[in-house]
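Work out the full structure: start from the sequences and follow the hints.
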Amino acid sequence: MSEPQFVRSLPQHSGLVVPAGLRRLHLDPILWVLLITVILYGLIMLYSAVERDMDIVGGQIARLCLALVLMAMAAQVHPARYLRWAPGLYAVGVTLLIAVLVVGVTVKGSQRWLELPGVARFQPSELMKIALPLMIAWYFHDRPLPPTFKDLLIVAALIGLPVVLIVLEPDLGTGILALAGGLTVVFLAGLSWRWMLYGSLAVVAMAPALWFALQPYQQQRILTLFDPEKDPLGAGWNIIQSTTALGSGGLLGKGLHDGTQSQLKFLPESHTDFIVAVIGEELGFAGVVALLILYVLIVARGLIIAAQSKDTFGRLAASSLTMVFFVYLFANIAMVAGLLPVVGLPLPLVSYGGTSAITLLLGFGIIMSIHSHRS
Amino acid sequence: MASGMLIKDGSSELRMFMGRARLLFAGALVLTLVLVVRMLHLQVLQHEHYQTRSEENRMQMVPVPPVRGLIFDRRGNLLAENRPIFNLALIRERIEDLDGLIEALAAVTPISEEEIKDFQDRLKRTRRPFEPVVLKFALTDEEVAALAVNRHRFLGAEINVEIVRHYPYGALAAHAIGSVRRITKEDLDAVDRARYSGTNFIGKRGIERFYEHSLHGEVGTQWVETDAFGRVRRTLDVNPTVVGRNLRLHLDIDLQAVADEALGDRRGAVVAIDPNSGGVLALVSKPSYDPNVFVTGIDAKHYRALLGSRDKPLVNRAINGQYAPGSTIKPILGLAGLTHGVVDWEEEIVDRGWFRLPGQSRLYRDWNWTPTNPGGQGIVNLNRAIYRSSNIFFYTLGHRLEANQLAGFIRQFGYGEVTSVDIDGAAAGLVPDPAWKRGAKGEPWYPGDNVNIGIGQGDLLVTPLQAAAAASTLANRGKRVRPRLLLASDQPLLDDDLAPLPAVAGPSADDWELMVDAMEDVVHRGDMGYQQNGTAWYHIGQDIGYRMAGKSGTAQVVEIKQGQEYDEEELDEYNKKHAWFIAFAPADAPAIAVSVLVENGGGGSSVAAPVVRQVLDAYLSEAPPAPAEPDEQLVSR
Chain R
0 MSEPQFVRSL PQHSGLVVPA GLRRLHLDPI LWVLLITVIL YGLIMLYSAV ERDMDIVGGQ
60 IARLCLALVL MAMAAQVHPA RYLRWAPGLY AVGVTLLIAV LVVGVTVKGS QRWLELPGVA
120 RFQPSELMKI ALPLMIAWYF HDRPLPPTFK DLLIVAALIG LPVVLIVLEP DLGTGILALA
180 GGLTVVFLAG LSWRWMLYGS LAVVAMAPAL WFALQPYQQQ RILTLFDPEK DPLGAGWNII
240 QSTTALGSGG LLGKGLHDGT QSQLKFLPES HTDFIVAVIG EELGFAGVVA LLILYVLIVA
300 RGLIIAAQSK DTFGRLAASS LTMVFFVYLF ANIAMVAGLL PVVGLPLPLV SYGGTSAITL
360 LLGFGIIMSI HSHRS
Chain H
0 MASGMLIKDG SSELRMFMGR ARLLFAGALV LTLVLVVRML HLQVLQHEHY QTRSEENRMQ
60 MVPVPPVRGL IFDRRGNLLA ENRPIFNLAL IRERIEDLDG LIEALAAVTP ISEEEIKDFQ
120 DRLKRTRRPF EPVVLKFALT DEEVAALAVN RHRFLGAEIN VEIVRHYPYG ALAAHAIGSV
180 RRITKEDLDA VDRARYSGTN FIGKRGIERF YEHSLHGEVG TQWVETDAFG RVRRTLDVNP
240 TVVGRNLRLH LDIDLQAVAD EALGDRRGAV VAIDPNSGGV LALVSKPSYD PNVFVTGIDA
300 KHYRALLGSR DKPLVNRAIN GQYAPGSTIK PILGLAGLTH GVVDWEEEIV DRGWFRLPGQ
360 SRLYRDWNWT PTNPGGQGIV NLNRAIYRSS NIFFYTLGHR LEANQLAGFI RQFGYGEVTS
420 VDIDGAAAGL VPDPAWKRGA KGEPWYPGDN VNIGIGQGDL LVTPLQAAAA ASTLANRGKR
480 VRPRLLLASD QPLLDDDLAP LPAVAGPSAD DWELMVDAME DVVHRGDMGY QQNGTAWYHI
540 GQDIGYRMAG KSGTAQVVEI KQGQEYDEEE LDEYNKKHAW FIAFAPADAP AIAVSVLVEN
600 GGGGSSVAAP VVRQVLDAYL SEAPPAPAEP DEQLVSR
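Protein sequences, first through last, are from chains R and H.
At position 38 of the first sequence the residue is numbered 37 (numbering that gives the first Met the number 0), and the sequence of numbers has no breaks.
At position 500 of the second sequence the residue is numbered 499 (numbering that gives the first Met the number 0), and the sequence of numbers has no breaks.
If you are wondering where the hints come from, they were derived from the structure by calculation, not from laboratory data.
Cβ coordinates follow ideal geometry from the N, Cα and C atoms, glycine included.
You can take every hint at face value.
Coverage of chain R stretches by chain H, computed from C-beta distances (three or more under 8 Å per stretch; other residues unrestricted):
| no. | segment |
| --- | --- |
| 1 | 240 to 247 |
| 2 | 291 to 301 |
| 3 | 327 to 337 |
If you want it as structure tokens, here you go:
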């Protein structure tokens, strides 16, 4: 296969000399550096957001270390195995999603968790964020692309099943995220523009029906987006406080630990879903842009790895896992900035919490595996 | 896997993937740019707006109530002070089961239904989150101890300290200095809310009310940083309070105590004035009440009992009780007669115990008339008419004067208007004249009205404070002073002083001296046989060590019908006559003027005069008041 034009236009990395040890460990140094930088950045902000509570920060460090170890281990596995495991992983994921609806633990009104004896609580929808892109990539890997109509119907069913199950929990945010991951694969697989147009029209046509399918609180969240001042102490509180935190940060921020919105608890979920508001308040526009640059570099690296992949599965899996990561961070920051309705999505690798970091880093482990095993 | 690859067109597929991936990356960049633009909008363009917003979020202005000014008597005795009490307060935000907690608290310290109702009302008022709301005021030491021991069971309850007014002399000075009450919504509507933000009490009576503006002080403010739950994290800035001004009164609490004691359990009033300054030395009204119960809160039952009592302890008789002056008006009427030339000191009339208007059958009797003894004082001139208190002489005098001459002259002594400077709520009394009678009663003025006014009856009404002021005008030989309680304050007060009063016009210097002589005779003329003695000599004048000028009075409460006997025994306690006595001493250099009224007391000389005597004895035997302590730095008004 010839080196495509596209890859040459991206930053030159081939000149980077990868030490033989790392190469043997199948670890991509660029991704490693970028991921570790984001993680350290996140830990510093978490330290501030929880008012220097080292118990919380220490716990998060432990979880992140575990996630990094899992990522390194995932990188050792040959992509062919992921290809082989994809259907099984998908089947397990769907089974667990059904199980969660039947015997799940309800937290904050949503049935998202499975209580595993001896292990911690586990959110099957997180597994689906990896399993679904792998499954679609598996489906397309030996079929001629662009996909046929029949392929599309099958893929639509493969994507639709887990998405519906996740939305039923209800966890609309993760559901949309899983949907976005699946659709990314379809898009990269060469879905024709005509079908994309039809699909978009169908969504627009169904919008009213979708609206009424939403839970009242979900409708409320969308309405709040347009007029947070209508209920400033209730539904509008989160968005008012987060935009206030961001806006009051200004260009360079109020300084680490000096963000009044977060330190005085005006900002809700300041160490979890809304942590980017802490960055914006304490480190300002500069802090947010720095984070965005790191994220964009990670996405770019993921896509380059996909482009350099030698087979369809590798390309589709690496690119869609990367795009899941992007949709994730975009949705979170757009939500905190008042551009999207409030959904329960953490900021990738920065927000407090283990599950999301583990799945994301596992995804990057698979991406590294695809990259390091290509020859 | 290999078989699948065979039917795929690898290079076109890769080309397509590269195109799509490029598009995806471009899309990601565009979305990232959207985020950057949004951040630019929020953090750079709208920065000031959100900066303000975040400051408003965290900064709260907390009002700091000023310390209320203290009130001292003329010798520096503390009449009104501030002291801490302990209140049981609840923090609603920390309590899950409010009713359950109140029930548990009630098991340790009694909590009435009314306290719970008031608490619920207070809870509804606007307040900061986490601001404690008082459930029970003024806990006893035992209650504080019991609650402290069980503290762990009462999450969300706390005991907090409040600085409240305390009146060390209790009921003794209640009517003189008034009291504060816990501020109500209605009170707040009537004042500048900003000044009273944080203030819990407001002066509702007496000095506390009149000088509320000066005693209150200026509210301070504290900018605090609070978190989202309203908890104060730290203080950012303090704008200190200005403490209320301390007041020093003319009142002499020892003299007040003597007057209170002298009045005993009888209903009545004693007012003592320094005729030189108008300073009120004593202001007693009995029965009294403990003003401290109003500070910590009085329950409805006890309040109704106070209000509904037939003895009316809440009424300040000294300034609001309006009574016919009786014979205490006679020195003034004598001077009126002299001024208008209808009588002189030489003229003598024959007092046979009754007076009859020309052409009328109705008899106006003397005070010592009984059905078996028509009485009569015989030959009476003005001097004797005073010391014997001849009604017949003054009926005649009243009849000789025109109604407006009578009213006009009486008004010169301060009757019928409020002349006091700072005595809150003082009543004006009533000096009737033909115009008033037409307007108020729709009746013409009859000659009999003149006759009634001649002995201080009819529609004439005066307060004990006015009577004391009139006594000091007699003491001053016509020079008038305004009664006032305030002697000095530690800061200049904002309230303007009133214009001085004009002196009484008409009587000559000799007239004044002769009238004072006649009033001295009331007290000192004795051992000359009943008909020749002053009316008060037997009761107070026999062993007196200084010269006192006085005049007794007895005010009818119910009208005695023609031909009926006034039988003390048959009259209801509350229908008996009121006893009056006004006096000043020493007669030639007056230092104190006093009025005493004993409701339903009977004879002025026998009942009221001894009270006056005790007050004067106490005041004149005492060393002159000590000057202000230098550290108080009181400035004179």
